[in-house]
Amino acid sequence: MPGAERVIANMWDWVNRTKAALFALGQHYDAKMESEAKQEAPWTDRTGNARQGLFGEAMEESDALRVRIAHSVDYGVYLELAHSQKYAVLEPVAKRNAPEFIRDAQEVIRG
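Going by our numbering, the sequence shown opens with residue 320, and the numbers climb by one from there.
No lab work stands behind these hints: they were computed from the structure.
Be aware that one or more of the hints could be misleading.
Claimed, not checked - Simulated DEER-style distance windows between Cβ atoms:
id	residue 1	residue 2	range
1	GLU379	GLY322	27 to 35 Å
2	ALA340	ASP393	29 to 37 Å
3	ALA340	ARG415	17 to 25 Å
4	PHE342	SER403	30 to 38 Å
5	VAL326	GLN358	42 to 50 Å
Claimed, not checked - Okay, derived cross-link-like pairs now, BS3-like style, lysine-lysine, Cα gap no bigger than 27 Å in a straight line:
id	residue 1	residue 2
6	LYS414	LYS351
7	LYS351	LYS338
8	LYS414	LYS338
9	LYS357	LYS414
Please read these numbers as outputs of a predicted model, since none were measured by experiment.
No residue lacks a Cβ here, since even glycine has one placed at the ideal position from N, Cα and C.
All chains, full assembly: derive it from the sequences and hints.
Printed below as a string of structure tokens:
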């Protein structure tokens, strides 16, 4: 049935466009959060490695999009969790950006 095939093709086009737009949104937020984390890191730099090693990343996993910020230095976990999280930067930045990211993602999905 040609009409049904066209509808299905249009639906897949919408799915692919939406996935691409969501991935672009994820890339925007990974860069935004990386920048904020580097600017707001509450520790005093000794070598600068920890601050420079903060990174954001958007990844497609199956039918999911993952946006994260993380440390590349092995002692990043210490900075985030030790001393009652006095030097934590990842969770505060991620939590602050999450509501806006979700709103923006919903707008993308709505079209």
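For each hint, the structure was consulted:
Distance hint for GLU379 and GLY322: a CB-CB separation of about 32 Å, consistent with the stated range 27 to 35 Å. Range check, ALA340 to ASP393: Cβ separation about 36 Å, and the 29 to 37 Å hint holds. Remark: the range hint 17 to 25 Å for ALA340 to ARG415 is upheld by a beta-carbon distance near 23 Å. Judged by the Cβ atoms, the range 30 to 38 Å given for PHE342 and SER403 holds: they are separated by roughly 36 Å.
A hinted range of 42 to 50 Å holds for the C-beta pair VAL326 and GLN358, which are about 48 Å apart. Distance check on the hinted pair: LYS414 and LYS351 sit about 13 Å apart at the alpha-carbon level, within 27 Å; holds. Straight-line distance between C-alpha atoms of LYS351 and LYS338 comes to about 20 Å, which keeps the hinted pair within the 27 Å bound. Restraint check for LYS414 and LYS338: the C-alpha separation of about 23 Å stays at or below 27 Å, so the hint holds.
For a cut-off of 27 Å, the pair hint linking LYS357 to LYS414 stands: about 16 Å separates their Cα positions.
In terms of the numbered hints stated before, the structure departs from none.
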